[in-house]
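*Asks:* Each chain, written out:
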Amino acid sequence: AEPGHKKVIKIGVTQSVDSMNPFLAVRLVTGSIQRLIYGFLTVPDSKTLQPSPDLAESWTTSPDGLTWTFKIRQAKWSDGQPITADDAAWTFNKMMTDDGAKTGNGPAVENFRSVSANGQELTIKLKTPQASMLDNPVPIMPKHVWEKVKDISKYDAEVYPTVGSGPYVAVEHKKDQFVRLEANPAYWRGRPKIDELQVIFYDNPAASIVGLKKGDIDLIGRLNPPDFESLKGDDNIVQWNTQGRRAAYLQINHGATTSDNKPIGDGHPALKDPRVRTALHYAIDKQKLVDEVQGGLAKPADGSIIPPLYKDFFWEASGAEKVTFDLAKANKILDDAGYKRGPDGVRTMPDGSRKLQFRFSIHTDTPIEDKLAEYLTGWFKEIGVTLTTKRLDSSKFTEETGTTALFDIAISGWSVNPDPEEVLATHLCSRRPTATGEGGGTESFYCDPTYESLYLQQQKELDRTKRADVIKKMEERLYVDAPVIALYYPNDLEGYRKDRIASITPIPEDKGLLYGGSGYWPFYTLEAVSTDTKTDGGSNAGLIAGIAAGVVVLAAAGFFLTRRRRGAADERE
Amino acid sequence: MLEATDLQVEFPGRGGRRARAVDGVNLSVGAGEIVALVGESGCGKTTLARTLLGLERPSAGRIAYDGTPLNYSTRSLRAFRRQVQLVLQDPMGSLNPRHTVYDAVAEGPRIHGLPDEESVVAGALARAGLRPPERFFQRYPHELSGGQRQRVVIAGALALEPKVLIADEPVASLDASVRGEILALLLKLRDELGLSALVVTHDLGLAWNIADRVAVMYLGRIVESGRTEDVLTNPQHPYTKALLSVLPESPARIVLTGEPPDPTRIPTGCRFHPRCQLVAAGTGADACTTIPLPILPATTDTQVACHLVPAVDNS
Amino acid sequence: MSSTVEELEQAPARHGLLRYAATKAGGALLSIAMVIVATFFLFRLLPGDPVRALAQGRNMTPEQLDLERARLGLDKPVPEQFLHFIGQTLRLDLGVSYEYKRPVLDLIGERIGSTLLLTGTALVIAVSLGLWQGARAGWKPGSRFDKISTAISLVLWSVPTFWLGLLLLMVFAAGIGPIPGIFPTRGSSSVDKPDGFAGVLDVGQHMVLPCLTLVAVVYAQYLLVMRSSVIDEVGQDYITTARAKGLRDDDVRRRHAVPNALLPTVTLVFMRIGFVVGGAVTVEAIFSWPGLGQLFYEAIRVPDFTLMQGTFLLITVSVIVMNTLADVVYHVLDPRVRSA
Amino acid sequence: MLTLDELSVTYRLGAAEVPAVRGVSLELASGEALGLAGESGSGKSSVALALLRLLPRSAVVGGRVLLDGEDVLTMKWGRLRAVRWSSASIVFQGAQHGLNPVRRIGDQIAEPLQVHKLASGAAADRRVRELLEQVGLPAWRARSYPHELSGGQRQRVMIAMALACAPQLIIADEPTTALDLMVQAQVLTLIRQLIAEHGISLLMISHDLSVLADVCDRLAVMYAGRLVEIGPSSGEFKHPYSQALAAAFPTVGDPASRLAPRGLAGDPPDPQRLPGGCAFRPRCPVALEECASTDVQLLVSGDRAAACVLVGE
Amino acid sequence: MSSVVWVRRKRAFGKFWNDFRKHRAGVSGLVILGVAVVLALIAPLFIDAGVTNVVSGTGAKLAPPSLDHPLGTDESGRSVLLMIWWGSRTSLLIGFLAALLSMVIGTVLGIAAGHFRGWTGAVILRVTDWFLVLPSLVTALVLAAILGGSTATIIVAIGVTSWPSTARLIRAQTLAVEARPYIERSLALGAGHWHIATRHVLPNVAPLLLASTTLEVASAIVTESTLAFLGVSANKTSWGTMLRGSYDWGAATAGAWWYILVPGLCIVAVVMAFTLCGRALETVLNPRLRTREA
Ligand SMILES: Nc1ncnc2c1ncn2[C@@H]1O[C@H](COP(=O)(O)OP(=O)(O)OP(=O)(O)O)[C@@H](O)[C@H]1O
Ligand SMILES: Nc1ncnc2c1ncn2[C@@H]1O[C@H](COP(=O)(O)OP(=O)(O)OP(=O)(O)O)[C@@H](O)[C@H]1O
Ligand SMILES: [Mg+2]
Ligand SMILES: [Mg+2]
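Residue numbers (my numbering), protein chains in the order written: chain W, -6 to 566; chain Y, 24 to 338; chain H, 164 to 503; chain U, 3 to 315; chain B, 25 to 318.
Treat the hints as calculated values from the structure; they're not laboratory data.
Quantities reported herein were computed from a predicted structural model and do not represent experimental measurements.
Be a bit skeptical, because a hint or two may be false.
Some chain U residues judged to face chain Y by a derived CB distance under 7 Å, without partners named [to be verified]:
1) 71
2) 73
3) 180
4) 184
5) 191
6) 216
7) 263
Here are the computed lysine to any residue pairs in the SDA-like style, where the Cα-Cα straight-line distance is at most 25 Å [to be verified]:
8) W:225 with H:340
9) W:143 with W:154
10) W:304 with W:456
11) W:207 with H:334
12) W:168 with H:340
13) Y:211 with U:249
The beta carbon of each residue, even a glycine, is placed where N, CA and C say it ideally should be.
One chain only, chain W, in its complex shape (with noise of 0.2 Å):
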């Protein structure tokens, strides 16, 4: 492209890059820079999301699915060099066996045995099969630039252009204010529609919508319900939304215990009772949370982790499994069970021990769960339950929900990948803490042998089809049972200004999303209004006016000061 009218495209975001070492970085923002540096092994495909070729052209699996293979692409990367499979061993060898570089990625090769290379060809040695190997999310370095790396969990990887093997190479990384990236004229693929690309930090959620209005950025995802709707009305800008990835849910203390089976916190033993979690489940009104806390931009959740994005694993209640909003039903439930109301009202354990009192933990900082805890107080008091909001900040949440269990209720949520293997290992009896109350993951402390045996299951399963159905099980399993309530699915809120961008392919291209999806499609495909200068004219006409403006209004009060001076010189001191 002829300098000065080069096609550039500006995406904001609101979370600043943290490193530009991918053995480091754990941003989502920096996540998707990294997709359209690096190459991976394979992209979700853009119209199934079926994993599909990407670095690696082609694989094959070992019968007893402990060993694969993979076929590395005949590629450059973008400083000439040659791709090989030694750059992808050398990736996973070093997450491997350097602790420093297992910050990013490192659960990702935790189930490796040995990697090794020959020539294009990648072999993987597993200790357990693994039906998401093919979701790998390590992006592949190139060796010979990195093996110069002394020590990786020092390194800052702040060295442009880079070297990588994606559409785009980033030049440029101001901190905390934007990350450039040029188009990749060696990309396999060939060579992306636009010149440049540049992501933009903005602190100030607001700021980045005023700055989308006014045409500073041609692009923003990840949007809250009030700023998708501020874009309203808006001619040049395209409101995009779409089902999201996420899935927004209640995590209730049904007992917790540690790996060893000991019991751990504080949880209300009401909520040990199925029936009790039944209960609340009938007793919260989805489609009512969705309109008044998601202003309408969500799916309600009649099914469980999963989102109804990802077709092929979304499964949905139905019959009399299904629950649906009916207080009459909960209290009936309740009232079958024992639990009787008091005079005030709330019930008590069908001993009489302790009455339906419990804690809703929840973000502080967090409006939307504030609004979620008002509307769930109000619904479990019609069923003589007494919910009380607790907020606490991050660390403390994570800690009371995810290890010390010292909670009732807790908000929850988790944003799906492609392959939800990630999610659904959250409920296993493993991921709970160990005995001295440490290390886990669980998002439930669930620990459940069906729900067990059906995730082993699945993890050995390698026709995408069968494996499904094994995966819906366990949501199933997991809506019955309720150790999580699923509340809804938070659309995905983009929006982006036609008047700069022509086009762009959601992922998948059916309704899909644009920035916060996966793989590297929306903005490998993207193309830009041709008749793009650069903006600085308006700018700089801008800063001109404002300097005259300043200029006027310093000229005419020196002028007024120096005339009272001279009036007051012989007037009176």
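Got chain W sorted already, so can you dock chains Y, H, U and B with the ligands onto it with the hints?
*Replies:* Then chains Y, H, U and B with the ligands, alone, in the frame of chain W:
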């Protein structure tokens, strides 16, 4: 009554040097006697007065009241302060602007837990010439004239029925036309109650007005003392002579040059010699610059600390 | 008197300044030591397990957590951690950020420039404008100029910084009605910042709104302080003397009242630097200004233990240092205390 | 040279008015030294400040102040600035406050020279040195700051400053109050010597009659904003207030005052609440009935004039 | 005699009121303040915490001012007017209590630092100076983050970081008062530490303390709103949390100016009222300023 012996008071001065504000003073105030302490600014008059009240600890020497040495424990200090009271220069400042006259006068009785507070206060006010006392009870200092304020301060002291009054420049900030009244009050109290008083002043006219005895202080020492008539009409010490000579009426002025001396650097020999008109005129003796003078004893007779004045016959 | 006497008299004075500066520096060091110790214990009070907080919901095995804990030195007993912390801090090592995995000092180093630029400019403007206006207002209390200035500053003084910033952003960056949004919505420079003078202009344009916000709130305080300081001087006899000498009113103010009134303000000006720093946290958050305040705010939100500790330490220590400097500067400026 | 004609000064305090000076008329001949006495609050300083229009804005000035025939009160500001200090200068009461604490005294002495364009640069320096020597201070003191000087030295600096523009008139407002006895004597000697040498007119204000009598040719006594007596400094006072004031400072050695302090009964008047008739009547030892109604003006008797009905007799 | 005292007090107050009345700004501040405080106090007679409950919002979301909702509604359809009214209770409570806390600490330490000359005073002064230079907002932010942002901790965080200036002021006043001759006189009468501190120093610093507390309340309210805005306050509805809400819910971009302006203007108005009052009190009660004005 009140007697100071070889009193010395030091202050930490600049640069680690110590300022000897009072440098060896013997002074006594007899019963029913008014003693004036005169001297120029910074010579240590106020420090001496404060030390006599126990507000400042002497670094050497001692103070005795009625023969018993002053003890600095809280209790005995308090007891001592019922006997010896203070009147300060600035009556406005000596009264808390937020306390009424009654509160101000009753403060002493309250601290000492005297019974029948109100009659004590009324009595003290009446004695200080504020009659009828009730009319003044609820007034605030700013509603009084300067002279009335000073009377209130005196009444506050009288409320404790002290034996000795120490007055530091009691009329210096009062209007000329009012000062006579206050001085007359002091004289009257002496006559009626037998109160002793130490009046600190730089005004020789004042001393002449009311004092029985005068002590002239220079740089932390008393350089001449004796009966008022003797000292003021027939001064012996060159310093006293100079002080008297600069009074407007006096015929021949001896204006001393230089600044009031610095208590952190006391000259050797006679401490007055750098400014002494006799030394300047060359009539001084060698001793003036080299031999320190002895401290004058606390007698009531006229005495002078000067190498050039032949010792007065003390017999 | 001869000049040797003069030298004799001046020597201890100069000596006095040195000693004064040394005392002040000693005091500052003591304060810094207190800050360091306090910081350590303050941050140990933080609820929750920092390592878990770091995991941010990512699933980590107990072994990984242990590893992380060991890496951060959190597995050792508190006294040992304390000694380690002290030693580290004394070596000017503020530890490694949990979140960014990089030395806190590096992170600070990357952002301190923009903060200095913003707060420095704001401070210079606020001080000069505030002092100038305060001096004029205080010179004729009750005049129209005084009334207007005082009113403005009282309003500004009452306005929460962040709110003002938001309003300015909405009005002058977004544009409302006839007012065009001529100022950028974020950051300290454009992505395509041109070189040379145009680049300076670019940064200048970005700085207008955040700077205005900071100035507005801070300058009011300087104005009020200077005003009352000048009012204190106006009644002084030396002012009457100066007028009696036949000086013009303005000259009396400029040559006599203001220099004297400035002296007590010096300390206050510096004392308020802490306020500017505090204001910078909100302003940087609103205008996405990539500075220390933003880093600190981010550290609190994560929460990033070491980063929070490091930035807090740095901010506090620099304020202490500034204040100490102010004391010494005051000492040099005021001839009365200089040789006292 | 200086004529005050019915000068009045009234301070406005919110709604209240404080008549500080109520019709003062006097004349000061060239080369003459006039003393103005009176106790605190009688309006002495107000008179002094009114002479050069230095009063605060809350003061309303009436009457005329003729300086060499020109009315100071109606002068243009430019002219007034020119007159200030070059025709008449002031030595203030509190020398510690009359000097700017943060400027070197040399600069402060030179300032009027520069303002009135009489000298600048090296010439001004020379003049400053000269002036300092005139008041008996070493020239190097020009580089000192006020706080490095003692009270007496500062008062000398004030005097040097007053002399800077060689004015015909010096107004000295309590130049020795708050100074020590000996220092006071030094300063008075200096003033006496300077007016004798330069032929300057002097208006000296003090509350101490004896000090004034010592320096001045004529004495004026103020009470409650009025002149109550004016006459040569030698000789007996006629007004009972002046007499009482004189008696308040006893002569050492005078047996009459030994152990007999004398003063006036009653309190000084509050300018906001002056009694009708003669303002001094409530305290007057010899008050007559008519004093309650007649507001006595200055009555001339021989070489002095006094505002007392007894004087006319 | 006590009736005489009472009459005296009344007259003293009358004089004070006369002086105060002359400060028009101060009086208007006092009026605003009075209205705000009275409204906050009587709020429970008319409304309850229910108005801040999201579920009970009756209006449309972010509806502009109308007859039903004179100041519009927020993101949940709650009346901004009612929330402002109810929220004033939290804002004022935090303002007053934080100021009170800071005043108590400041007074005790200030008097102690001024009264005890030896090392006690020196140590207190050192500590005060140390706290004084700590950037108070930053410190409060850290404290609130560490202690969790309940109303009580916010009060503590603000109180603990704002006392040093009070202590400084009180110390300076104490020194000034103790330099007065009446302290010397009192000592000569036999007074002890306690007597001096309570009978002389405290009554003399009390008026200034009142003025400075008034100013302190103002800054506490601003600090609370800033802390709320920065998200460390898990408070009940206050003006600060409302502003935070307006920010979180995109009121600015949605053009819901009432939701941003009203709480902000309330803060400005009340803070300004406190400031005006405080300044007027200062001029009326501070003898130094008073003589200047005279
Ligand atoms: N608290 C103190 N600390 C240090 N030095 C002091 C203190 N009090 C007095 N001095 C010094 O002691 C010396 C004597 O002071 P003092 O006040 O007793 O003098 P004085 O004769 O009362 O003077 P004046 O007539 O001015 O009141 C002075 O040089 C003074 O500077
Ligand atoms: N700026 C002012 N505002 C109001 N009243 C004033 C002002 N200056 C002086 N006064 C009043 O005017 C009267 C005369 O004051 P002035 O200063 O002239 O008296 P003075 O004779 O110089 O007294 P002193 O001997 O105390 O200096 C006094 O009652 C005083 O309170
Ligand atoms: Mg004294
Ligand atoms: Mg005067």
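*Asks:* Residue 207 of chain W and residue 334 of chain H: Cα distance at most 25 Å?
*Replies:* Holds: residue 207 of chain W and residue 334 of chain H sit about 12 Å apart, inside 25 Å.
*Asks:* Are the Cα positions of residue 211 of chain Y and residue 249 of chain U separated by 25 Å at most?
*Replies:* 19 Å, holds
*Asks:* Check the hint pairing residue 168 of chain W with residue 340 of chain H against an upper bound of 25 Å on the C-alpha distance.
*Replies:* Violated. Residue 168 of chain W to residue 340 of chain H sits at ~34 Å, over the 25 Å cutoff.
*Asks:* Regarding the pair residue 304 of chain W and residue 456 of chain W, is the alpha-carbon distance no greater than 25 Å?
*Replies:* Judged against 25 Å, a Cα distance of about 16 Å means the pair holds.
*Asks:* Within a Cα-Cα threshold of 25 Å, do residue 143 of chain W and residue 154 of chain W meet the stated pairing?
*Replies:* 20 Å, holds
*Asks:* Take the shortest C-beta to C-beta distance between residue 216 of chain U and chain Y; is it under 7 Å?
*Replies:* 4 Å, holds
*Asks:* Closer than 7 Å between Cβ atoms is the bar; does residue 184 of chain U clear it against chain Y? Give me holds or violated.
*Replies:* Check passed: Cβ of residue 184 of chain U comes within 5 Å of chain Y, closer than 7 Å.
*Asks:* Is the interface hint for residue 263 of chain U satisfied, with its Cβ closer than 7 Å to some Cβ of chain Y?
*Replies:* Hint on residue 263 of chain U: holds, closest Cβ of chain Y at ~4 Å, below 7 Å.
*Asks:* Would the pair residue 225 of chain W and residue 340 of chain H pass a check requiring their Cα atoms to be no farther apart than 25 Å?
*Replies:* Judged against 25 Å, a Cα distance of about 18 Å means the pair holds.
*Asks:* Report holds or violated for the interface hint on residue 191 of chain U, using the least CB-CB distance to chain Y and a cut-off of 7 Å.
*Replies:* 6 Å, holds
*Asks:* So, as I understand it, the hint says residue 73 of chain U touches chain Y; can you test that by seeing if any CB pair is closer than 7 Å?
*Replies:* For residue 73 of chain U, the interface hint is violated, since the closest Cβ of chain Y sits about 34 Å away, which is over 7 Å.
*Asks:* Report holds or violated for the interface hint on residue 180 of chain U, using the least CB-CB distance to chain Y and a cut-off of 7 Å.
*Replies:* 9 Å, violated
Hint compliance for this structure: hints 1, 2, 3, 12 are not met, and every other hint is.
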